[in-house]
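Protein chains in written order, with my numbering: chain A, 1 to 428; chain B, 1001 to 1168.
Hints were generated in silico from the structure; no laboratory data involved. It is possible that some hints are incorrect.
[What the hints assert, rightly or not] Straight line, CA to CA, 25 Å or less: simulated SDA-like cross-link-like pairs of lysine to any residue: (1) A:Lys-339 / A:Lys-357; (2) A:Lys-358 / A:Thr-288; (3) B:Lys-1158 / A:Tyr-38; (4) A:Lys-7 / B:Lys-1076; (5) A:Lys-357 / A:Asn-388; (6) B:Lys-1066 / A:Ser-235; (7) B:Lys-1022 / A:Phe-10; (8) A:Lys-7 / B:Asn-1034; (9) B:Lys-1158 / B:Lys-1122; (10) B:Lys-1158 / A:His-98; (11) A:Lys-313 / A:Ile-418; (12) A:Lys-7 / B:Lys-1067; (13) A:Lys-177 / A:Gly-56; (14) B:Lys-1066 / A:Ser-42; (15) A:Lys-7 / B:Leu-1064; (16) A:Lys-357 / A:Gly-275; (17) B:Lys-1066 / A:Asn-388; (18) B:Lys-1050 / A:Ile-15; (19) B:Lys-1104 / B:Gly-1093; (20) A:Lys-177 / B:Lys-1158; (21) B:Lys-1089 / A:Lys-357; (22) A:Lys-7 / A:Lys-357; (23) B:Lys-1042 / A:Gly-250; (24) B:Lys-1050 / A:Asn-388; (25) A:Lys-178 / A:His-98; (26) B:Lys-1158 / A:Ile-252; (27) B:Lys-1059 / B:Tyr-1013; (28) B:Lys-1102 / B:Lys-1158; (29) A:Lys-313 / A:Lys-178; (30) B:Lys-1122 / B:Glu-1137; (31) B:Lys-1042 / A:Ile-418; (32) B:Lys-1067 / B:Lys-1102; (33) A:Lys-236 / B:Lys-1158; (34) B:Lys-1042 / A:Phe-57; (35) B:Lys-1122 / B:Glu-1144; (36) B:Lys-1158 / A:Glu-44; (37) B:Lys-1042 / A:Glu-44; (38) B:Lys-1089 / A:Ser-235; (39) B:Lys-1022 / A:Gly-401; (40) A:Lys-177 / B:Asn-1131.
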Amino acid sequence: MAVPKDKHNFETRTIHAGAAPDPTTGARSTPIYQTTSYAFDSTEHAASLFNLQNFGFIYSRLTNPTVSVLEERLANLENGRAAVACSTGHAAQLLALHPLMNPGDRLIASRNLYGGSITQFSHSFKRFGWGVDFVDGTNPNNFSKIITPKHKCIFIESLSNPGGVILDIEKISTISKKHQIPLIVDNTMASPYLCNPFKWGADIITHSMTKFIGGHGNSMGGIVIESGNFDWLASKKFTSLTGPSASYHGLIFAETFGDFAYSMKLRADTLRDLGASLSPTNAFYFITGLETLHIRMERHCKNAYKIANFLEKHNKIAWVSYAGLKSSSFDFLARKYMKKGVGPVFTFGVKKGFSGKKIISNVNIFSHVANVGDTRSLILHPASTTHNQLTEDQKIAAGSGQEVIRLSIGLEHADDLIEDLDNSLKNI
Amino acid sequence: MNILKETEYDDQYIINILQRTKTIAIIGLSSNWNRPSYFVAKYLIDRGYKIFPVNPHQKGNTILGKKVFSSLAEIKETIDMVDIFRSGKEALGLVKEALKIKAKTIWMQIGVSNKEAEKLCKRKGVEIVMNRCPKIEYCRLSGELGWAGINSGLFHNKRRIIRPIYNL
């Protein structure tokens, strides 16, 4: 059914969507409802809630008023129908796939995914009996070449860390549509400010909110958002949504909840049983973070562009892989999918004879941490950290070979960051 | 999904209908507790509407404690709204019956629409809503839908009393 059309601009929605003054106190900022449970009006009311006949709060493993505000706000910002928040980005990926996959099913994923996702998919998910086939997503035909009836979804990132890879979401979505399976896009690195995967045919979006949505490196969280456009009943491939639900006395999610059936299933079944819920306190930090998302992303991109240009001209640097540079092979796709910028995370390699790792020890402003999307500028050697679990071939395929250094440019003054890098490059 | 473009309604139009309506006949109301029609009826009763089940297969029985009628014509009380849980094809005939009993609003559930019925209603000055659910609309406009992380598309800068909708 219809995703409400929002007449307001993105900037206004980052601040207002999903929130209202507290009905009892008038508190204007969304309060932290630090509670596990909620009083029922009557036994009849309680039964209606447990049977999913009424919307309402039961237990904070399922719903919480602070978390709900965040969920509606992100559903709105992504122009989606509904969202379910959870404890981390990794939990979001587990939740997103769980209703779609049975033991023996497979999924196709881009080989450029974040290293942690590749590990999660190829090791832990394998133990659920979920098979994964990684393909080079830069050629969309690679997805159709290997697709079989066993494949239940396609999983890609809108913007890949650390390679700065942008995939052709629209083309890939025509393939998933043809096979009546959902296209899941991890939109973490772009954020809804820079990229809108639903506009290009994606069916489900995941985020690690830990990155740009929180934006301050202080909270862990993930979220799954559905577009409301995927026709589960027509596809007939997803019995968890179209068949009677054993844990709800035969209720059929796709019939009862229509265009937000997937989210209801995620919440009432998957989140209930897997238990990776988001805490209300962390939700509060994400709500606060979202209110400046548009300002932060703009400055992140502006700073990153200056620094990437500085590095590209530096005589000790071999290459800079940043989709915002003219030299990038993803420049063309960036212009289509990320008109406002390509984020502040990128990689570079030092020339032969120099040590990239030394830059990390020499810098004074950049922090050596395993995160991105912070107000602080961050620096990392992916091959020995975030991508350490991968084989050498996988590392190279993911754009994280031994010579590669990853930066996440923060919100400091660009000149100070350039000076910090310039000084550290003198002794490598 | 072109039907969606053809069935866009102003929020105030829906609010007016939900505020004005007191009695609703639900055609195709199931006696099975886990069917969507049952969810809708139960919710609307909770919100203070008087519900009249219409279902020929359940004639003589009660659903949610309400006597079941086999057709609209059997109902003696004034019906403000007729809510249709039948296919779009059947909708035209049902709308004609609804017009006979002078229903003020015709409501067709999600996935149900009928162009001819719409024209007929407009000609007779009867308000019509197609491809929507009164429960979802009530929840959306009163703020409950957001409790499940669902996008209402609404902004609020004043305190809201969730129920009843009459305060909107």
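Hint check:
1. A:Lys-339 / A:Lys-357: 33 Å, violated
2. A:Lys-358 / A:Thr-288: Violated, at roughly 36 Å.
3. B:Lys-1158 / A:Tyr-38: 24 Å, holds
4. A:Lys-7 / B:Lys-1076: At roughly 44 Å apart (the allowed maximum being 25 Å), B:Lys-1076 and A:Lys-7 break the hint.
5. A:Lys-357 / A:Asn-388: 15 Å, holds
6. B:Lys-1066 / A:Ser-235: Violated, at about 37 Å.
7. B:Lys-1022 / A:Phe-10: With a Cα-Cα distance of about 38 Å, the restraint between B:Lys-1022 and A:Phe-10 is violated, given a limit of 25 Å.
8. A:Lys-7 / B:Asn-1034: Cα-Cα ~36 Å, so violated.
9. B:Lys-1158 / B:Lys-1122: 35 Å, violated
10. B:Lys-1158 / A:His-98: 39 Å, violated
11. A:Lys-313 / A:Ile-418: 12 Å, holds
12. A:Lys-7 / B:Lys-1067: 44 Å, violated
13. A:Lys-177 / A:Gly-56: Outside the cut-off at roughly 34 Å; violated.
14. B:Lys-1066 / A:Ser-42: 21 Å, holds
15. A:Lys-7 / B:Leu-1064: Violated, at about 40 Å.
16. A:Lys-357 / A:Gly-275: Given pair A:Lys-357, A:Gly-275 is violated - Cα atoms ~39 Å apart, limit 25 Å.
17. B:Lys-1066 / A:Asn-388: Status violated; Cα separation ~65 Å.
18. B:Lys-1050 / A:Ile-15: The hint is violated at about 39 Å.
19. B:Lys-1104 / B:Gly-1093: 16 Å, holds
20. A:Lys-177 / B:Lys-1158: 42 Å, violated
21. B:Lys-1089 / A:Lys-357: 70 Å, violated
22. A:Lys-7 / A:Lys-357: 49 Å, violated
23. B:Lys-1042 / A:Gly-250: It holds: about 18 Å lies between the C-alpha atoms, which stays within 25 Å.
24. B:Lys-1050 / A:Asn-388: 64 Å, violated
25. A:Lys-178 / A:His-98: 22 Å, holds
26. B:Lys-1158 / A:Ile-252: 37 Å, violated
27. B:Lys-1059 / B:Tyr-1013: 34 Å, violated
28. B:Lys-1102 / B:Lys-1158: Roughly 38 Å separates the two Cα atoms, so the pair is violated.
29. A:Lys-313 / A:Lys-178: 45 Å, violated
30. B:Lys-1122 / B:Glu-1137: 21 Å, holds
31. B:Lys-1042 / A:Ile-418: 64 Å, violated
32. B:Lys-1067 / B:Lys-1102: Holds, at about 21 Å.
33. A:Lys-236 / B:Lys-1158: 44 Å, violated
34. B:Lys-1042 / A:Phe-57: 18 Å, holds
35. B:Lys-1122 / B:Glu-1144: With Cα atoms ~31 Å apart, B:Lys-1122 and B:Glu-1144 exceed 25 Å; violated.
36. B:Lys-1158 / A:Glu-44: Not OK: B:Lys-1158 and A:Glu-44 at ~31 Å, beyond 25 Å, violated.
37. B:Lys-1042 / A:Glu-44: 11 Å, holds
38. B:Lys-1089 / A:Ser-235: 23 Å, holds
39. B:Lys-1022 / A:Gly-401: 69 Å, violated
40. A:Lys-177 / B:Asn-1131: Holds, because 24 Å separates the two Cα atoms, which is no more than 25 Å.
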